[in-house]
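In my numbering, the protein residues as written are 480 to 662.
Hints listed in this document are in silico derivations from the structure and should not be mistaken for laboratory results. Mixed in with the good hints there might be a few duds.
As the list claims (entries may be wrong) - Using C-beta positions, here's what the derived DEER-type ranges look like:
hint : residue 1 : residue 2 : range
1    : S662      : S600      : 18 to 24 angstroms
2    : S600      : G501      : 15 to 21 angstroms
3    : P612      : V509      : 41 to 47 angstroms
Glycine residues also receive a C-beta, built at the ideal position from the N, C-alpha and C atoms.
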Amino acid sequence: MTVSLPELTGDYVLDPTHTRIGFVARHAMVTKVRGAFHQFEGTAHLDGADPAKSSGQVVIKTESIDTGVEQRDQHLRTNDFLDAPNFPDITFRTTGVERKSDTDYRVTGDLTIKDTTKPVSIDFEYTGNAVDPYGNLRVGLEGSVTISRKEFGVTWNAALEGGGVLVGDKVVLEFDVSAIKQS
Numbered sequence: 480m481t482v483s484l485p486e487l488t489g490d491y492v493l494d495p496t497h498t499r500i501g502f503v504a505r506h507a508m509v510t511k512v513r514g515a516f517h518q519f520e521g522t523a524h525l526d527g528a529d530p531a532k533s534s535g536q537v538v539i540k541t542e543s544i545d546t547g548v549e550q551r552d553q554h555l556r557t558n559d560f561l562d563a564p565n566f567p568d569i570t571f572r573t574t575g576v577e578r579k580s581d582t583d584y585r586v587t588g589d590l591t592i593k594d595t596t597k598p599v600s601i602d603f604e605y606t607g608n609a610v611d612p613y614g615n616l617r618v619g620l621e622g623s624v625t626i627s628r629k630e631f632g633v634t635w636n637a638a639l640e641g642g643g644v645l646v647g648d649k650v651v652l653e654f655d656v657s658a659i660k661q662s
């Protein structure tokens, strides 16, 4: 059973077991490395009748970065990249929500990585809603945004012998969200 957009109005929490916060970065100019953050929490207030009144925030634990290669993950946690000991959280807080179509929304907010905060706009697709077997109303969203890691103070790199660099500047942040409405 699905409900109409106005009926979705309410407060939600991200379901970490059914939500993925991931990233893609270019490596050695020839391939892409994919990874995810496994520890995060997020809340949102959705206003189905007036999406501009919606808001949300996400806090991601930098130490939970996982690319499937422990040596690389350890390097990403150092000051060369995310500096997890000194900056344990990456945060995103909305500043605006704009409805683009029946299923497309632009969520604008402040993204903080390390000690740098920049505005970003993430395009999301509303993928639907359903009541799960436990009686929880769930809402699904998928979105992504490309950022420049250098703009957030993540500047480490190494030159390649044949030209170019080891790590690309552009990073795609990916969000596959399942949020549960709170009673």
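Hints versus structure:
no.	hint	verdict
1	S662 x S600: 18 to 24 angstroms	31 angstroms, violated
2	S600 x G501: 15 to 21 angstroms	18 angstroms, holds
3	P612 x V509: 41 to 47 angstroms	45 angstroms, holds
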